[in-house]
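**Student:** Using the hints provided, position chain V relative to the given structure of chain A.
Protein chains in written order, with the numbering used here: chain A, 27 to 424; chain V, 34 to 379.
Keep in mind that the hints are not guaranteed to be accurate.
[Unchecked claim] Simulated DEER-style distance windows between Cβ atoms:
1. A:Lys330 - V:Gly185: 51 to 61 Å
2. V:Lys278 - A:Thr134: 15 to 25 Å
3. A:Arg123 - V:Met46: 30 to 40 Å
4. V:Ser77 - A:Gln164: 49 to 59 Å
5. V:Tyr202 - A:Asp113: 50 to 60 Å
6. A:Phe159 - V:Lys188: 26 to 36 Å
7. A:Asp230 - V:Arg186: 39 to 49 Å
Since the hints were derived computationally from the structure, they do not count as laboratory data. Glycine included, every Cβ here is placed at the ideal spot set by N, Cα and C.
For reference, the chains in residue letters:
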Amino acid sequence: METDKENTRLKTDVVIEKKYDQHGIPKLEMNSATVGYNGVPLISDINISVEKGEIVSLIGPNGAGKSTILKSITRHLAMIAGTVYIDGKNMRVMNGRETALKMSVMLTDRLKPDLMTCRELVSAGRYPYTGGFGLLSQKDKDIIERSLARVNALDIADKEITAISDGQRQRVLLARALCQEPEIIVLDEPTSYLDIRNKIELLDILSEMAKKEKIAVIMSLHEIDLAERISDKIVCVKGDRIYSYGTASEIFSDTNIASLYNIKKGHFNALLGSIELKKPQGKIKCFVVGGNGTGIPFYRALQKKGTAFAAGILQKNDIDSAVALALASEIVFSEAFCPITPDQVCRAKQLIDSVEFLADCGCETGEYNKENSALIDYAKNTGKHILKSPEEIAEAIL
Amino acid sequence: MGALNKNNNTNTMRFCMVFVSFIILYILAVFWNIMSGSVNISVSEMADIIFKGDATNSVAYNVIWKIRLPRLMLASLLGGALSLSGFLIQTFFRNPIAGPFVLGISSGAKMFLAVVTIAMNGFFSSMPLSVTVIASFVGSLLSMLLVLLFTGRVKNMSMLLVIGIMISYICSAVTDLLINFANESDIVNLTHWSLGSFSAASWQDVKISAFIIIPAFIAIFCFSKPMFAYSLGEEYAQSLGLNVKLFRVFLVIATGILSACVVSFAGPISFVGIAVPHIARMVLKTSKPIIMIPATFLLGAFFCVICDLAARMLFSPTELSISTVTSVIGAPIVIWLMISRRKNGN
Chain A
27 METDKENTRL KTDVVIEKKY DQHGIPKLEM NSATVGYNGV PLISDINISV EKGEIVSLIG
87 PNGAGKSTIL KSITRHLAMI AGTVYIDGKN MRVMNGRETA LKMSVMLTDR LKPDLMTCRE
147 LVSAGRYPYT GGFGLLSQKD KDIIERSLAR VNALDIADKE ITAISDGQRQ RVLLARALCQ
207 EPEIIVLDEP TSYLDIRNKI ELLDILSEMA KKEKIAVIMS LHEIDLAERI SDKIVCVKGD
267 RIYSYGTASE IFSDTNIASL YNIKKGHFNA LLGSIELKKP QGKIKCFVVG GNGTGIPFYR
327 ALQKKGTAFA AGILQKNDID SAVALALASE IVFSEAFCPI TPDQVCRAKQ LIDSVEFLAD
387 CGCETGEYNK ENSALIDYAK NTGKHILKSP EEIAEAIL
Chain V
34 MGALNKNNNT NTMRFCMVFV SFIILYILAV FWNIMSGSVN ISVSEMADII FKGDATNSVA
94 YNVIWKIRLP RLMLASLLGG ALSLSGFLIQ TFFRNPIAGP FVLGISSGAK MFLAVVTIAM
154 NGFFSSMPLS VTVIASFVGS LLSMLLVLLF TGRVKNMSML LVIGIMISYI CSAVTDLLIN
214 FANESDIVNL THWSLGSFSA ASWQDVKISA FIIIPAFIAI FCFSKPMFAY SLGEEYAQSL
274 GLNVKLFRVF LVIATGILSA CVVSFAGPIS FVGIAVPHIA RMVLKTSKPI IMIPATFLLG
334 AFFCVICDLA ARMLFSPTEL SISTVTSVIG APIVIWLMIS RRKNGN
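Chain A on its own, in the form it takes in the complex (with noise of 0.2 Å):
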């Protein structure tokens, strides 16, 4: 097995034409690549394959290589060892049209040519069809402001790129990738500058347009949390090895995603797709009953002012819950869907009683959390500084 595989890895770099078994050819294969720059290889042994229509982000720690791999896959940057085909051809022996045929990219550099409309832009992706003076042909016109229909930016067509926003500027940017019809789009961390809704829409855009167009997708993103939902695969960068890779519910594991970007001291929560920052150390200062949600804002004010607090009484299964384990020092849990015992109720009070404030976040309460009214009228009978809302918090303590 193993000679097998040496063999077959020392004839990647002559295979033309490469055989494949039942599961068909992916539109874009790397093959046990190895990248880096100036022949120095930064990681081995790639191998990722995108199919029709499919998207695969690559995510990873600042400096891992994200953008190395997608540079070689784009041929920005020669590869120091491994193939890349494209429907099973080896992309050495495409000239550069028959690659700009079938695959365009979205870079990362803030282009800013002069006197430039977004129109004219986009037609720069006409480029591998037009003939030898470059004018456009009604198709090719077509095609352009289709392309700005796709994306919205019909209405900025003839201002000027330099005139635009980021957001703008990223969309228009990706109408020039379609125009140029590709099979392929690679795209280096397409999401970078742009606000949380110009992020979401040209991930909207994206994602409807692998799906329609049946165009393979392959880009880098920072945030995990959007890569999670928009790819197919997903392969994590890290070291010098492809750290994993897989469909995005295999990766995005808490352990995985924490390991992958090494984090410590904060919290990253898969199942929500939320961030949490450091858990705030010291002696526990405040008791928060909350539950239903209502406890996250009071225990995110308590984080900011790094105040450590304990949580309760929660059930395991409260949404509270999965903040309140990231952020308070300690949690007195019940278990899902069952009523609230005796011990837990009394080492709330143990906790209120060491505290100087009990937060009241106002949850309602009913047959299986009734203990937590008696809980804040324990904390009031002994004289315990009673807070209200997440500015409370912010004044009171200091």
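**Tutor:** Same frame as chain A, but now just chain V:
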């Protein structure tokens, strides 16, 4: 779609109007230039001499055919070439203040000319013009080749810009060193050359420069499509299928040959190469090479004809150096255009 067509039409209209007005301006400048000078020639006289070949007024005939016309033609050709090479350089470096001489071409020419002048001093009492032309042409090409050696190696264009400027400094230093050890009288020629002038133009010069510039212009025009792709940046250009490294070499050679031709026939004319592409861009409101290449050439020709006229006439009979005029006229125009462009909200 209606809005699009309307917009395309207004653009086309603008381009046509600008081209027509450039041509009219150029023709007016040409006639004005032919008529003015120390010998005044009327419109009817001029028409007779040029179109009918009427040689009855032999003074006027000779002034027009032997002095003014070749000078005019040379100014047009070199002005166009210089502006075009400026446009190429600005596309190349994506830097609006780069001029054709940033690649060290004029300093290379000057250095080589200085070497030749001093070396030839023993043989000639005064340097023949042809030697000056050949020496500066060879000098420009040498510095261009030096730059070319680096083009394949550098990662990005700003590095090449720095290399060009460094080559300029080295050449200037060597020139200064040579001048230090030369006699004042030996380098009169060099000083005169470095001021720049069209005054010595002959039909021979016009023929040679046309022989170089016109094919270069055609070649550059044929490359307007890759040039447009190149203006998006090298990485995008490559992804569109352009061989970027080869194209860089083409750009350097094209710029080098055009500006070498200018430098050898008229000396290092300052400012035209920076200003004219700017003016053309702002009047046309585009930077598309297919439009900009002919427009810059035409406007450069017009600009140099006007500036040469001013150089001859302003303090007649004293003739100014061409660079003096181009800078004094050109700089305010660029400043004014820049400011008015800001006002328009672009």
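**Student:** For each hint given before, does the structure comply? Return the numbers of the non-compliant ones in rising order.
**Tutor:** Failing hints: none at all.
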